[in-house]
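Construct the complete structure from the given sequences, taking the supplied hints into account.
Listed in order, the protein sequences are those of chains G and V.
What the first sequence shows, in this note's numbering, is residues 470 to 728, in sequence order.
What the second sequence shows, in this note's numbering, is residues 374 to 953, in sequence order.
Keep in mind that a hint or two might mislead.
A short list of chain V residues far from chain G (calculated; beta carbon distances all over 12 Å) [as the list claims (entries may be wrong)]:
| # | residue |
| --- | --- |
| 1 | D538 |
| 2 | D641 |
| 3 | V650 |
| 4 | Y710 |
| 5 | S787 |
| 6 | S897 |
| 7 | K912 |
| 8 | P946 |
Here are the simulated lysine-lysine pairs, BS3-like style, with alpha carbons at most 27 Å apart [to be verified]:
| # | chain 1 | residue 1 | chain 2 | residue 2 |
| --- | --- | --- | --- | --- |
| 9 | G | K561 | V | K494 |
| 10 | V | K856 | V | K826 |
| 11 | G | K713 | V | K519 |
| 12 | V | K668 | V | K899 |
| 13 | G | K574 | V | K519 |
| 14 | G | K489 | G | K561 |
| 15 | V | K826 | G | K494 |
| 16 | V | K533 | V | K709 |
| 17 | G | K713 | G | K677 |
| 18 | V | K519 | G | K677 |
| 19 | V | K709 | G | K475 |
| 20 | V | K533 | V | K928 |
| 21 | V | K709 | G | K494 |
| 22 | V | K494 | V | K709 |
| 23 | V | K519 | G | K665 |
Every beta carbon over 12 Å from chain G, so not counted as near; a handful from chain V, in silico [what the hints assert, rightly or not]:
| # | residue |
| --- | --- |
| 24 | A501 |
| 25 | G625 |
| 26 | M796 |
| 27 | E833 |
| 28 | I838 |
| 29 | P945 |
Rather than coming from a laboratory, the hints here were simulated on the basis of the structure.
Given the structure is predicted, the values throughout are model-derived calculations rather than measurements.
From the three backbone atoms N, C-alpha and C, an ideal C-beta is built for every residue, glycine too.
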Amino acid sequence: MDLTLKIWRQPNANSKGEFKSYQVKEISPDTSFLEMLDILNEDLLHNGEDPVHFDHDCREGICGTCSMFINGRPHGPQRGITTCQLHMRSFKDGDNITIEPWRAKPFPVIKDLVVDRSSFERIIQAGGYISIGTGGVPDANEIPIPRRIANEAMDAAACIGCGACVAACKNASAMLFVSAKVSHLALLPQGQAESKERVENMVAQMDKEGFGSCTNTGACSAECPKEISLEHIARLNREYFFAKQSSENVPVGDQVHEG
Amino acid sequence: MDNFSHDVLIIGGGGAGLRAAIAVAEINPKLNVAVISKVYPMRSHTVSAEGGAAAVIKPDDSLDHHAYDTISGGDWLCDQDAVEAFVNEAPKEMLQLEHWGCPWSRQDDGTIAVRPFGGMKIERTWFASDKTGFHMLHTLYQTSLKYDPIQRYDEWFVTKLIVDDGRCQGAVAIELATGQVQAIAAKSVVICTGGCGKVFPFTTNANIKTGDGMALAYRAGVPLKDMEFIQYHPTGLPFTGILITEATRAEGGYMLNKDGYRYLQDYDLGTPQTEPVLRSMELGPRDRLSQAFVKEMEKGNTLEGLYGQFVHLDIRHLGEKKINAKLPFVRELCLKYENIDPVNEMIPVRPVVHYMMGGIHTDINGATPLPGLYAAGETACVSINGANRLGSNSLTELLVFGARVGSVAAEFASNQSDYTFDMAYESITEENHIKNQFFKEKKNQERIADIRKEMHKTMEEGCGIYRTENSLLASQNILTDLKERFSHVAIDDHSRTFNTELVAALELSNLLDLAESIVQSALSRKESRGSHQRTDYEKRDDENYLAHSLAYQEKDNKPRIEYLPVTITKWPPGERVYGR
Ligand SMILES: Cc1cc2nc3c(=O)[nH]c(=O)nc-3n(C[C@H](O)[C@H](O)[C@H](O)COP(=O)(O)OP(=O)(O)OC[C@H]3O[C@@H](n4cnc5c(N)ncnc54)[C@H](O)[C@@H]3O)c2cc1C
Ligand code: SF4
Ligand code: FES
Numbered sequence: 470m471d472l473t474l475k476i477w478r479q480p481n482a483n484s485k486g487e488f489k490s491y492q493v494k495e496i497s498p499d500t501s502f503l504e505m506l507d508i509l510n511e512d513l514l515h516n517g518e519d520p521v522h523f524d525h526d527c528r529e530g531i532c533g534t535c536s537m538f539i540n541g542r543p544h545g546p547q548r549g550i551t552t553c554q555l556h557m558r559s560f561k562d563g564d565n566i567t568i569e570p571w572r573a574k575p576f577p578v579i580k581d582l583v584v585d586r587s588s589f590e591r592i593i594q595a596g597g598y599i600s601i602g603t604g605g606v607p608d609a610n611e612i613p614i615p616r617r618i619a620n621e622a623m624d625a626a627a628c629i630g631c632g633a634c635v636a637a638c639k640n641a642s643a644m645l646f647v648s649a650k651v652s653h654l655a656l657l658p659q660g661q662a663e664s665k666e667r668v669e670n671m672v673a674q675m676d677k678e679g680f681g682s683c684t685n686t687g688a689c690s691a692e693c694p695k696e697i698s699l700e701h702i703a704r705l706n707r708e709y710f711f712a713k714q715s716s717e718n719v720p721v722g723d724q725v726h727e728g
Numbered sequence: 374m375d376n377f378s379h380d381v382l383i384i385g386g387g388g389a390g391l392r393a394a395i396a397v398a399e400i401n402p403k404l405n406v407a408v409i410s411k412v413y414p415m416r417s418h419t420v421s422a423e424g425g426a427a428a429v430i431k432p433d434d435s436l437d438h439h440a441y442d443t444i445s446g447g448d449w450l451c452d453q454d455a456v457e458a459f460v461n462e463a464p465k466e467m468l469q470l471e472h473w474g475c476p477w478s479r480q481d482d483g484t485i486a487v488r489p490f491g492g493m494k495i496e497r498t499w500f501a502s503d504k505t506g507f508h509m510l511h512t513l514y515q516t517s518l519k520y521d522p523i524q525r526y527d528e529w530f531v532t533k534l535i536v537d538d539g540r541c542q543g544a545v546a547i548e549l550a551t552g553q554v555q556a557i558a559a560k561s562v563v564i565c566t567g568g569c570g571k572v573f574p575f576t577t578n579a580n581i582k583t584g585d586g587m588a589l590a591y592r593a594g595v596p597l598k599d600m601e602f603i604q605y606h607p608t609g610l611p612f613t614g615i616l617i618t619e620a621t622r623a624e625g626g627y628m629l630n631k632d633g634y635r636y637l638q639d640y641d642l643g644t645p646q647t648e649p650v651l652r653s654m655e656l657g658p659r660d661r662l663s664q665a666f667v668k669e670m671e672k673g674n675t676l677e678g679l680y681g682q683f684v685h686l687d688i689r690h691l692g693e694k695k696i697n698a699k700l701p702f703v704r705e706l707c708l709k710y711e712n713i714d715p716v717n718e719m720i721p722v723r724p725v726v727h728y729m730m731g732g733i734h735t736d737i738n739g740a741t742p743l744p745g746l747y748a749a750g751e752t753a754c755v756s757i758n759g760a761n762r763l764g765s766n767s768l769t770e771l772l773v774f775g776a777r778v779g780s781v782a783a784e785f786a787s788n789q790s791d792y793t794f795d796m797a798y799e800s801i802t803e804e805n806h807i808k809n810q811f812f813k814e815k816k817n818q819e820r821i822a823d824i825r826k827e828m829h830k831t832m833e834e835g836c837g838i839y840r841t842e843n844s845l846l847a848s849q850n851i852l853t854d855l856k857e858r859f860s861h862v863a864i865d866d867h868s869r870t871f872n873t874e875l876v877a878a879l880e881l882s883n884l885l886d887l888a889e890s891i892v893q894s895a896l897s898r899k900e901s902r903g904s905h906q907r908t909d910y911e912k913r914d915d916e917n918y919l920a921h922s923l924a925y926q927e928k929d930n931k932p933r934i935e936y937l938p939v940t941i942t943k944w945p946p947g948e949r950v951y952g953r
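Printed below as a string of structure tokens:
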């Protein structure tokens, strides 16, 4: 199949970007989306042009690196997959495909389609770990975890930190990501002791990074390649509400994040 | 980080690297630790491990059982003192990870669930759904963030180790975002850069697995151990090489040839039963299963596909419910990459290069012969994996030896004075070296892609599952030629930000050195053991080769092989028995 690609080109963080058009020809429907871009890049290199920069690593939907806004949707038209899992059979011969980076203030563009997602990291740094009891190690079997709870924690832990939820949200809210992280640890017995500080600190960091507020449209969960459920946002709000209630120093007028 | 000087420098942010960094921070909070990684740590290849991590936890299991499975699986090339330390510390490390929030899968009664794995007599593989590596890496990563002394250099590519005054004192690296070349000083350096599957064309390894750390150590005079032992995983998807985890067979999958026959019964691996039997048939060790594939192919019993020969992995009889519950990721992969649904179709598979048993020569604590230099993880060879690693031992190895290496590297760093080299000089010299090597116009200019392709071809043809003197000599000649051609490589892309072509060139230069060491080690070992099968020397030869090979890089850049005896404690070499 032959395709016209409209790709966002931006040489570095400080320059202004623009769309450029490219043609790719005779692409097999079985090639993956990223292989199609590899083919384009080989052509570009061959003609002495700068190849299109995009993030990718595992190409198996696990690492969360690939991140493209394809025809107005994060990770393209299919549900529940990452860009690297997208195949050209999802498109038609002669299609125009627009490819952009994630667009959100807390994710500045580094080059072309590559964005800086270190804001996610700083949110985790604010509390996304368990710090107590790392000295002596009692037997894991002494704190049995009911399978249902273990499974729910596992679902939350499936978040790959790709940022599609932010890109999908008109307010660039990171609630789905943060709620997945909070939920995972809040559900496990070993994570409960610190759950109050965790949720407060992570939410504070999220605000500080400039992510927008959640207005509960559900676009994040619909576009999430791991189909992280909105229930985790509800759990975060519950955790946050109780944490704030029991905090002595609740600033007057501080908002509860809406579910 | 302004002055680029640290106490401990860890190269690699995968499972081994992060575990080591945490160990340093916990042992001595005063030490300043740097973790340098060519990709964001969470993108390290550990993330794609599916199946699980082995450690004794159930009452019917014992440390001796785990040790024996490991040693017989490794065809007696494992150092038994290292294996004993490994099995002993494994449960503690796995529980530690639990306490850091790793969501291990649980049984109905709430206790840890374990699954069977190839070559293991008792079920002892812990798992977190079928994304074990992902959950382990995330747990380590999130935990590492809580230690302020751990600083990270993300997307920096190390090109050279700095050796001065007889000890390793740091490394030089390129910051990929800016192209800046910078020397980084440290009192001790730990290499955790993973394996080098990309020496071969068909591999489960992602593009980043180019064995950089092995090449760095090798060029600094440290020997590479047991490089001839390369694990082929019997069940990769043809063409992409994407792995279908061993757990698929552990749950009861069958291997079928073109006639729908469970051919493994013809290769001394036991008799077929409906239910999976441990250490038998489909649950035999990987080397034996991959070798059986080649024999079936020679008999004309395999199927012909678009991308070569394959056999079938059949899990239809498990039913949709079990497949969704136990192997959701396998179904996901098959649907997404092969457009088939394993609930009602058979999965095409073939052996693919998966894991390096060999690597940087270290002692039981991860120390290399070069003072100040340490290694752990897949890049190191301790050796607990011998001639054939058992599935699910590697993830555990990252934890056990990551923790060990962190503690010895921390101790070494605590007793060292400051660095003695000139930082500006080292940075500029390396920058000029890279410029001269790749950025000059060249006569008869060569392309990276061509050289890489030919290296892949000759490694697969000459140094695959079965080898002979002739095939290896042919590969050796071609590699010599390719190295000469590599000196004519010039890079068209001169940009400083994210110069992927430059990275590809640096990686290829590493791969070529490693390919040479692999071929030379394979030529020298005139016996068949585990994953190293010589059709001209079909038997294991304990008299001459119950020893580790050590490949040293000589002045002319060629490898020289020496041998080091294997450490035997309790288990004298015996026959490997599976299925009987
Ligand atoms: C598909 C797949 C499935 C697997 N499944 C299992 C399993 O179920 N059970 C099991 O036990 N094992 C499994 N393995 C094996 C196991 O996952 C690996 O051996 C292990 O994860 C390697 O971890 P590591 O920390 O040594 O290296 P990696 O995780 O590969 O990390 C290497 C690190 O080094 C960095 N690095 C490399 N070169 C440079 C450089 N030049 N400069 C700077 N940084 C550099 C990288 O950025 C990265 O951070 C599997 C392997 C594969 C490929
Ligand atoms: S919640 Fe989903 S979309 Fe958001 S970062 Fe995690 S995996 Fe990506
Ligand atoms: S490249 Fe890893 S998720 Fe897409």
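Going down the list of hints, with the structure as the test:
1. Distance check for V/D538 against chain G: the nearest CB is about 36 Å away, which clears 12 Å, and the non-interface claim stands.
2. The beta carbon of V/D641 sits about 34 Å from the closest Cβ of chain G, which is more than 12 Å, so the claim that it is off the interface holds.
3. Its beta-carbon lying about 27 Å from the closest one in chain G, V/V650 satisfies the requirement of being farther than 12 Å from that chain.
4. Distance check on V/Y710: its Cβ comes as close as 8 Å (rounded) to a Cβ of chain G, failing to clear the 12 Å threshold; non-interface status is violated.
5. Distance to chain G confirms V/S787 as a non-interface residue, since its nearest Cβ pair spans about 20 Å, more than 12 Å.
6. For V/S897, the requirement that its beta carbon stay farther than 12 Å from each beta carbon of chain G is met, with the minimum near 35 Å.
7. With 12 Å as the threshold on Cβ separation, the claim that V/K912 sits away from chain G holds: the shortest Cβ distance comes to roughly 39 Å.
8. At the 12 Å boundary, the C-beta of V/P946 stays outside the reach of chain G, the nearest C-beta of that chain being 35 Å off.
9. Restraint check for G/K561 and V/K494: the C-alpha separation of about 52 Å exceeds 27 Å, so the hint is violated.
10. For the proposed pair V/K856 and V/K826, the alpha carbon gap of about 13 Å is at most 27 Å, so the pair holds.
11. Straight-line distance between C-alpha atoms of G/K713 and V/K519 comes to about 23 Å, which keeps the hinted pair within the 27 Å bound.
12. Between V/K668 and V/K899 the CA atoms are separated by roughly 21 Å; this keeps the pair inside 27 Å, and the hint holds.
13. Straight-line distance between C-alpha atoms of G/K574 and V/K519 comes to about 26 Å, which keeps the hinted pair within the 27 Å bound.
14. Taking the CA atoms of G/K489 and G/K561, the gap is near 21 Å; set against the 27 Å cutoff, the hint holds.
15. Taking the CA atoms of V/K826 and G/K494, the gap is near 24 Å; set against the 27 Å cutoff, the hint holds.
16. For the hint linking V/K533 to V/K709, the alpha-carbon distance of about 39 Å lies beyond 27 Å, and the restraint is violated.
17. A hinted pair counts as satisfied when its Cα atoms are at most 27 Å apart, and G/K713 with G/K677 qualifies at roughly 18 Å.
18. Straight-line distance between C-alpha atoms of V/K519 and G/K677 comes to about 19 Å, which keeps the hinted pair within the 27 Å bound.
19. Simply put, V/K709 and G/K475 have alpha-carbon atoms about 25 Å apart, close enough for the 27 Å limit, and the pair holds.
20. For the suggested pair V/K533 and V/K928, the alpha carbons sit about 17 Å apart, so the restraint of at most 27 Å is met.
21. At most 27 Å may separate the alpha-carbon atoms for a hinted pair to count; V/K709 and G/K494 meet this at roughly 23 Å.
22. At most 27 Å may separate the alpha-carbon atoms for a hinted pair to count; V/K494 and V/K709 exceed this at roughly 34 Å.
23. At most 27 Å may separate the alpha-carbon atoms for a hinted pair to count; V/K519 and G/K665 meet this at roughly 17 Å.
24. Annotated as non-interface, V/A501 brings its C-beta within 12 Å of a C-beta of chain G; the closest such distance is 7 Å.
25. Against the 12 Å criterion, V/G625 stays outside the reach of chain G, whose nearest CB is about 21 Å from its own CB.
26. At the 12 Å boundary, the C-beta of V/M796 stays outside the reach of chain G, the nearest C-beta of that chain being 26 Å off.
27. Non-interface call for V/E833 relative to chain G: holds, since the shortest CB-CB distance, roughly 21 Å, exceeds 12 Å.
28. For V/I838, the requirement that its beta carbon stay farther than 12 Å from each beta carbon of chain G is met, with the minimum near 24 Å.
29. With a cut of 12 Å on Cβ distances, V/P945 stays outside the contact zone with chain G, its closest approach being about 34 Å.
The structure fails to meet hints 4, 9, 16, 22, 24 from the earlier list, while all remaining hints are met.
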